[in-house]
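**Q** Sequence:
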Amino acid sequence: MIQEWGEAGFIWLDGDGSDLGRWVTLGINPLEQFCSRELENSKKYSNPFKILRELPQGHWTGWLSYEAASWTEPQNPWQKSSMATLWIASHDPILKFDLQKRELWLEGKDPKRISIMENFLNSTFHQKLSKANTNETKQIERRNSIPLESWDWKLTSQEYSEKVDEIKEWIANGDIFQANLTTSCRAPLPESMRPIDVYSKLKKCSPAPFAGVIIGDQMAKGEAIISTSPERFLKALPSGEVETRPIKGTRPRDRDPEKDADWAAELICSPKDHAENVMIVDLLRNDLGRVCQPGSIKVPHLLVLESYSQVHHLTSVVKGTLNKNKTWVDLLEACWPGGSVTGAPKLRACKRLYELEPTARGPYCGSILNINWDGVLDSNILIRSLMIKESSISAHAGCGIVADSDSQKEAEEMNWKLMPLLNALT
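Sequential numbering of the sequence shown, starting at 1, is according to full-length UniProt numbering.
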């Protein structure tokens with residue numbers, strides 16, 4: 001598909017075959033796109049939430065960066081990101097693949113564009129698949145690698161630990177209760193390595209239910225997002241039903257089944273991780289309460305162990321029903337930025353994190369947004385994700401800090417989350 005139409009504006013929302021990650025969605029050659037970007041030395045740029053509110057009906061996919069919070073919470077200081085705050089595009093038609101039933105669907109509204117895609121699928125696509133050279137693919141994979149020593153770390157483990165100690169002092173003084181401290185590293189991107197190559201490498205070692213790759217068009221200056229996120233941020237149905245699935249609590253996987261079970265048991269029994277997760281559940285209940293009907297907010301699942309290829313997580317589920325006069329954009333504004341990647345109280349924690357984190361988060365800790373023709377919103381939290389801008393690639397990770405956090409262990413957890421991304425690209 002990329003060879004036929006080019007990669008600009010390409011979207012691939014992927015899953016892991018589970019009920020949460022059942023569908024794959026592919027779109028190329030977008031019909032329309034919108035972009036919001038903070039201009040250099042200027043505070044005047046398009047309000048991303050206004051853009052979202054005025055989207056015409058269609059199938060829209062894109063990303064919203066963490067720093068979009070400067071529009072929802074302008075009283076707080078926010079870093080300036082060099083990447084687009086919002087890039088979103090409509091595609092018609094889209095390809096959808098059911099990973100459970102192994103069925104391919106073509107969905108669209110424009111008969112002419114649907115016919116073009118049907119012809120491609122029935123002829124060119126199958127021909128190209130039949131001519132694929134496995135040996136050539138393997139040679140490209142070997143050439144497309146990034147050595148571990150190429151990564152420039154913004155914070156060393158020691159520096160990260162010291163910042164954790166600062167947060168613990170603020171918590172002890174009653175300033176905040178929790179904060180999600182993040183860091184990043186950056187490396188040159190080999191000229192031959194395309195975003196789709198990066199995602200293919202990540203997918204092999206870390207499949208996830210809310211994964212995908214988005215390659216911005218001209219308006220996004222070719223920026224790209226590659227994600228293997230396990231976390232749903234918000235889902236909203238036209239009926240008004242909404243859901244969020246915060247993740248808090250992480251342990252590594254181990255090839256030894258006994259050691260792996262020990263890690264899982266440690267996570268399940270950890271008071272620190274329980275406190276962290278419950279605190280964020282309460283925060284998200286409050287966020288949903290800003291736009292949901294009184295009494296509708298429930299927590300059907302609390303502190304559930306979910307195991308992925310690289311890590312174990314504790315996940316909770318919060319549900320509610322929107323007020324009749326509220327939309328998915330109102331929900332997004334009320335909950336932005338996500339509670340699981342900020343802290344509690346949210347605004348105070350964000351202000352403290354602004355003081356500690358050396359660079360803007362950009363799309364990291366933001367969301368991939370997907371809005372279908374029926375107006376259903378689904379979105380992830382952009383963790384376990386890589387960002388591409390021009391000739392460089394960046395990786396990010398973070399940890400939730402509470403009163404009884406161990407600064408050295410938090411630095412170790414940050415590495416558990418970051419190293420699978422880097423190792424996948426070596």
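Keep in mind that the hints were calculated from the coordinates and are not lab data. In this text, all values refer to a predicted model and were calculated from it rather than measured experimentally. Don't take every hint at face value.
DSS-like, lysine-lysine: derived pairs with alpha carbons at most 25 Å apart [what the hints assert, rightly or not]:
1. LYS326 to LYS50
2. LYS417 to LYS259
3. LYS319 to LYS235
4. LYS96 to LYS80
5. LYS168 to LYS319
6. LYS272 to LYS259
7. LYS50 to LYS324
8. LYS203 to LYS168
9. LYS80 to LYS272
10. LYS50 to LYS80
11. LYS259 to LYS409
12. LYS272 to LYS96
Distance windows between CB atoms, simulated [to be verified]:
13. ASP282 to LYS409: 45 to 55 Å
14. GLU241 to ARG22: 27 to 37 Å
15. ALA172 to PHE97: 46 to 56 Å
16. PRO77 to ARG113: 38 to 48 Å
17. HIS301 to PRO111: 39 to 49 Å
18. SER200 to ASN325: 39 to 49 Å
All residues carry an ideal CB built from backbone N, CA and C; glycine is no exception.
**Q** Hint by hint, say whether it matches the structure.
**A** To see whether the hints hold, each was checked on the structure:
1. LYS326 to LYS50: holds, 14 Å
2. LYS417 to LYS259: Holds. LYS417 to LYS259 sits at ~18 Å (cutoff 25 Å).
3. LYS319 to LYS235: holds, 9 Å
4. LYS96 to LYS80: violated, 36 Å
5. LYS168 to LYS319: Violated, at roughly 31 Å.
6. LYS272 to LYS259: holds, 21 Å
7. LYS50 to LYS324: holds, 20 Å
8. LYS203 to LYS168: Violated, at roughly 36 Å.
9. LYS80 to LYS272: violated, 33 Å
10. LYS50 to LYS80: Between LYS50 and LYS80 the Cα gap is close to 19 Å, so the pair holds against 25 Å.
11. LYS259 to LYS409: Between LYS259 and LYS409 the Cα gap is close to 18 Å, so the pair holds against 25 Å.
12. LYS272 to LYS96: Cα-Cα ~41 Å, so violated.
13. ASP282 to LYS409: 45 to 55 Å: The hint (45 to 55 Å, Cβ to Cβ) is violated, given that ASP282 and LYS409 are roughly 24 Å apart.
14. GLU241 to ARG22: 27 to 37 Å: Check failed, 18 Å falls outside 27 to 37 Å.
15. ALA172 to PHE97: 46 to 56 Å: This hint holds: roughly 51 Å between Cβ atoms.
16. PRO77 to ARG113: 38 to 48 Å: holds, 45 Å
17. HIS301 to PRO111: 39 to 49 Å: 43 Å Cβ-Cβ, so the 39 to 49 Å window holds.
18. SER200 to ASN325: 39 to 49 Å: Check passed, 44 Å falls within 39 to 49 Å.
Violated hints, in rising order: 4, 5, 8, 9, 12, 13, 14; the structure is consistent with all others.
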